[in-house]
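Model the full structure from these sequences, guided by the hints.
Protein chains in written order, with our numbering: chain Z, -17 to 482; chain S, -17 to 482.
It is worth saying that the hints were derived from the structure and are not from the lab.
Hints may contain errors.
Here are the computed lysine-lysine pairs in the DSS-like style, where the Cα-Cα straight-line distance is at most 27 angstroms [as the list claims (entries may be wrong)]:
1. 8(S) / 44(Z)
2. 118(S) / 44(S)
3. 64(Z) / 89(S)
4. 239(S) / 42(Z)
5. 89(Z) / 234(S)
6. 321(Z) / 44(S)
7. 234(Z) / 44(S)
8. 8(S) / 336(S)
9. 8(Z) / 118(S)
10. 8(Z) / 239(S)
11. 44(Z) / 336(S)
12. 321(S) / 37(Z)
13. 44(Z) / 321(S)
14. 246(S) / 37(Z)
15. 336(Z) / 89(S)
16. 74(S) / 44(Z)
17. 89(Z) / 74(S)
18. 234(S) / 314(Z)
19. 89(Z) / 64(S)
20. 37(Z) / 403(Z)
21. 89(S) / 42(Z)
22. 321(Z) / 321(S)
23. 8(S) / 118(Z)
24. 118(S) / 314(Z)
25. 321(Z) / 64(S)
Chain Z is faced by these chain S residues, among others (derived, beta-carbon under 8 angstroms) [what the hints assert, rightly or not]:
26. 18
27. 29
28. 33
29. 47
30. 80
31. 81
32. 82
33. 117
34. 312
35. 313
36. 315
Computed footprint of chain Z on chain S, listed as stretches where at least three residues anywhere in the stretch have a Cβ under 8 angstroms from a Cβ of chain Z [unchecked claim]:
37. 54 to 64
38. 126 to 139
Where a beta carbon is used, it is the ideal one built from N, C-alpha and C, also for glycine.
2 protein chains.
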Amino acid sequence: MTKKKNNAISPTRTENYPEWYQQVVKSAELAETSAVRGCMVIKPWGYALWENIQKFLDSKLKETGHVNAYFPLFIPKSYLEKEAEHVDGFAKECAVVTHHRLEEDSKGGLIPAGELEEPLVVRPTSETIIGETYSKWVQSYRDLPILINQWANVVRWEMRTRLFLRTTEFLWQEGHTAHETQEEALDETHKIIRLYKNFLEEYMAIPIIIGEKTENERFPGAMKTLCIEAMMQDGKALQAGTSHFLGQNFSKASNIKFQNREGKNEFAWTTSWGVSTRLIGGLIMTHADDDGMIMPPKLSPNHVVIIPHFRDELYRDKINSYCNEIRMALSKESFGDRKISVLIDSRDINVGEKSWSWIKKGIPLRIEIGPKEIENQSLFVGIRDTMQKKSILKNDFINNISKILEDIQNRMFEKANNFQKLNTKDIKNINDFNNFFNEKNSNGFAWCHFCGDSQLEKKISDDMGVTIRLLPINSSISDNDKCIFTGKKSIGRVLFARSY
Amino acid sequence: MTKKKNNAISPTRTENYPEWYQQVVKSAELAETSAVRGCMVIKPWGYALWENIQKFLDSKLKETGHVNAYFPLFIPKSYLEKEAEHVDGFAKECAVVTHHRLEEDSKGGLIPAGELEEPLVVRPTSETIIGETYSKWVQSYRDLPILINQWANVVRWEMRTRLFLRTTEFLWQEGHTAHETQEEALDETHKIIRLYKNFLEEYMAIPIIIGEKTENERFPGAMKTLCIEAMMQDGKALQAGTSHFLGQNFSKASNIKFQNREGKNEFAWTTSWGVSTRLIGGLIMTHADDDGMIMPPKLSPNHVVIIPHFRDELYRDKINSYCNEIRMALSKESFGDRKISVLIDSRDINVGEKSWSWIKKGIPLRIEIGPKEIENQSLFVGIRDTMQKKSILKNDFINNISKILEDIQNRMFEKANNFQKLNTKDIKNINDFNNFFNEKNSNGFAWCHFCGDSQLEKKISDDMGVTIRLLPINSSISDNDKCIFTGKKSIGRVLFARSY
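Listed below in structure tokens is the structure:
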């Protein structure tokens, strides 16, 4: 009989994956549901993670020539209506402001009053309100390109919500650019999706596949939607970010017109793109284990927590000063662009409980300090991703801190990358396809040739709950490549998966 | 006959102060009105300023032990109603969400549908929704204090709006803390108002007077409201930030209860405090002149702009490389915590127009480069605050850049401080008071002894449009100090002014 390992998170991933996810979010103190339907409270540990995501992504966006600005929260109903597909896509799930005050009724209760002439929608995305503004800013080709990003909250009235993955209100960045030529706008669309891929791989340690959405899955109103897809530990796909080539659809709807180099009036070519707090959901489902969250060192709010063991009161001062000495020394070191961020956890609670609280929060490194460590000038180090514990000489640890963190970061990426590879298959015929997806727990990524029939795409989705996550951006196909479902000419090898 | 100086901003401050303000905001490209009533678009130059305000204020808040988190945008109507004064204060001007989708009516137009059981208010401030959350987090004195700040957008349905000063939607930070004792909560309230004062004086170069609001001017539901007040160039006061001691009012409304050290249940003591994009309005009205904005170097999006003069095409390459050389050298230097931020403006427009565009935007230093500068290894420098122009040897400028910027920062504070002192008067009797305020353009700060009668306070406000901006926090009064209006015993020397 093997002894069952006790895990900090119950149920485990294999026992009940969706419930495991909720428990990780809860026990890592990342977020919780609020009393407002579908809206979450992002707790300090979760928000500090989001601040790091913002900081590094923002600097990558600025390095590529983008600037930030801020546009109104509210969108007049008539604006949404300007682009037909767009309003179809968002009208069904939006928060509508209809009044501008609350007034006492005859029973002394408060009721909405001051009805607005035109209802306002809380932005589900900002193409139309930003487009209206750009139409005033753009007169000539000299006013282009406009390369603006906005960090904001948005609201989509989702019926079924899950913390980070799908919430009524979420935080995101939305880029909105306007260009002189179609080519330039397409370049921007591609440049951004690559920037997202690099950010997720480098900082979040999440391996990414880039591709293009089918027409069925496109952003409402877009000509082309590029996406980054990641594999979660249950083998399902998560769409982690999108970059849309909008053609002239929105510039026509908003009248973003300019005089071109030949002196003729032309509509601008626009793009939009965004990633959201959903990234945190993806981070959890990529890296967390049955003991809780695992933070990638590049984004973890803190790199190291020091936990003093006051077994003997006589040692208290010595231990405190040893802990402080270590903190000071580590704080002078760097990892990537950041100084090492070190906490000392002096809470008056049981040391085991304390240590497990940090394991569940996923801090990369825990250092435990007792009399023995002082004697040996060593540290007792717990490494979160491997759950390894070992004694290291103090100076060795301090001198190698950057390397230790980099190893963790790389190991996390490699592990996720191997998992993705292991669960991805080239599928050559419809039987293999059915076998791959038919068992209830059998998820994963399946690449196979497809003819591009959107009715068929819909049927597979309805029958099996499997969707085309993306078409490859540059696919080289020969005449011999046939759709595995119809035998017709293939449009390329596309990626099928179940998804969030 | 003196020659009239041509100014970049028309009208000037003396000609029409409110219109001058709007023109500065516009010509500095800080913000503009949007198609959504009362909501502004914060343009990239204005938003970059806000980002710097956020960055430095956020780091001061973190240094004092505060962490960031995020709470829902929406507040159920019933939450607002929990605190009687609070709902009275905000119900009259709030955006009310009543429906969660738009649906086609019989004529094919879209109308609100999916009525909510309970209307939601877009947060005008977050005491009630955050209080609800804290009530779940706090069980024991060990869970206290909670020191949380939120950066967010809020909505107050203002009838008359002005960019930055009063807008329907604005951006702000709101701190919400909960404490074990009254004393601790009061300490926090005072600590924050001093932090605000230091931030405004050190970074924004705005001299600040700290004090306490009268009951009439308190935050709805607060026991005590502390404030920072600044004098604008028209002599009026701007409330630039507030810190509220909420006593147990909101913890009772939200049921934030904890077991104290004696094992008894007690309500927590809470505070809240905030500053907003209104600060940018205050910055403009403190420092801008008849040529436009003047940015304090510590917060200016960029410190230096380099403007190449391509008078002779032959020199183009030489001038470009000289400009780049200067930019590279300056970028290695620092001012305070920031690296020197340098732009090269190579737009293909008239040099005069280009230079004036930066004057209006208020960048601290402009450098113009032509053949003569290369020859002399010099720079032609324009200093925004003094409008002085002079030739400086390249190396002298680069080596002294930090000192040059610090001098500007100090000069801006001194100028504003002198203006405040010059327009502040100790008033000993009612006649002097009337003379001080009676002429239409006669604004300024008047300190005088006051008996504390809130009816009288209201009458002065109604008759003259002059309000008590603050009561001093620590006032030493003798029995001989009498109210200048009633002759009754004084509660202290209070500050009267007209205000924004």
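Structure-based check of all given hints:
1. 8(S) / 44(Z): holds, 24 angstroms
2. 118(S) / 44(S): Roughly 24 angstroms between the alpha carbons, so the hint for residue 118(S) and residue 44(S) holds.
3. 64(Z) / 89(S): holds, 17 angstroms
4. 239(S) / 42(Z): violated, 45 angstroms
5. 89(Z) / 234(S): Holds: residue 89(Z) and residue 234(S) sit about 25 angstroms apart, inside 27 angstroms.
6. 321(Z) / 44(S): holds, 16 angstroms
7. 234(Z) / 44(S): violated, 46 angstroms
8. 8(S) / 336(S): holds, 16 angstroms
9. 8(Z) / 118(S): holds, 14 angstroms
10. 8(Z) / 239(S): holds, 22 angstroms
11. 44(Z) / 336(S): holds, 23 angstroms
12. 321(S) / 37(Z): With Cα atoms ~17 angstroms apart, residue 321(S) and residue 37(Z) stay inside 27 angstroms; holds.
13. 44(Z) / 321(S): Distance of about 16 angstroms is within 27 angstroms: holds.
14. 246(S) / 37(Z): The hint is violated at about 44 angstroms.
15. 336(Z) / 89(S): violated, 63 angstroms
16. 74(S) / 44(Z): violated, 41 angstroms
17. 89(Z) / 74(S): holds, 18 angstroms
18. 234(S) / 314(Z): violated, 45 angstroms
19. 89(Z) / 64(S): Distance of about 17 angstroms is within 27 angstroms: holds.
20. 37(Z) / 403(Z): violated, 30 angstroms
21. 89(S) / 42(Z): violated, 48 angstroms
22. 321(Z) / 321(S): holds, 17 angstroms
23. 8(S) / 118(Z): With Cα atoms ~14 angstroms apart, residue 8(S) and residue 118(Z) stay inside 27 angstroms; holds.
24. 118(S) / 314(Z): violated, 38 angstroms
25. 321(Z) / 64(S): Violated, at about 45 angstroms.
26. 18: holds, 4 angstroms
27. 29: This hint holds: residue 29(S) lies near chain Z, its Cβ roughly 5 angstroms from the closest one there, short of 8 angstroms.
28. 33: Given a least distance of 7 angstroms, the restraint on residue 33(S) holds.
29. 47: Status violated, d = 12 angstroms.
30. 80: Holds. Min distance 5 angstroms.
31. 81: Hint holds; residue 81(S) Cβ to chain Z Cβ min 4 angstroms, cut 8 angstroms.
32. 82: holds, 4 angstroms
33. 117: Constraint on residue 117(S) not satisfied, violated at 10 angstroms.
34. 312: Given a least distance of 19 angstroms, the restraint on residue 312(S) is violated.
35. 313: violated, 14 angstroms
36. 315: With Cβ-Cβ at 20 angstroms, over 8 angstroms, it is violated.
37. 54 to 64: Three-residue rule met by the segment 54 to 64 of chain S, so holds; n is 9.
38. 126 to 139: holds (count 5)
The structure fails to meet hints 4, 7, 14, 15, 16, 18, 20, 21, 24, 25, 29, 33, 34, 35 and 36 from the earlier list, while all remaining hints are met.
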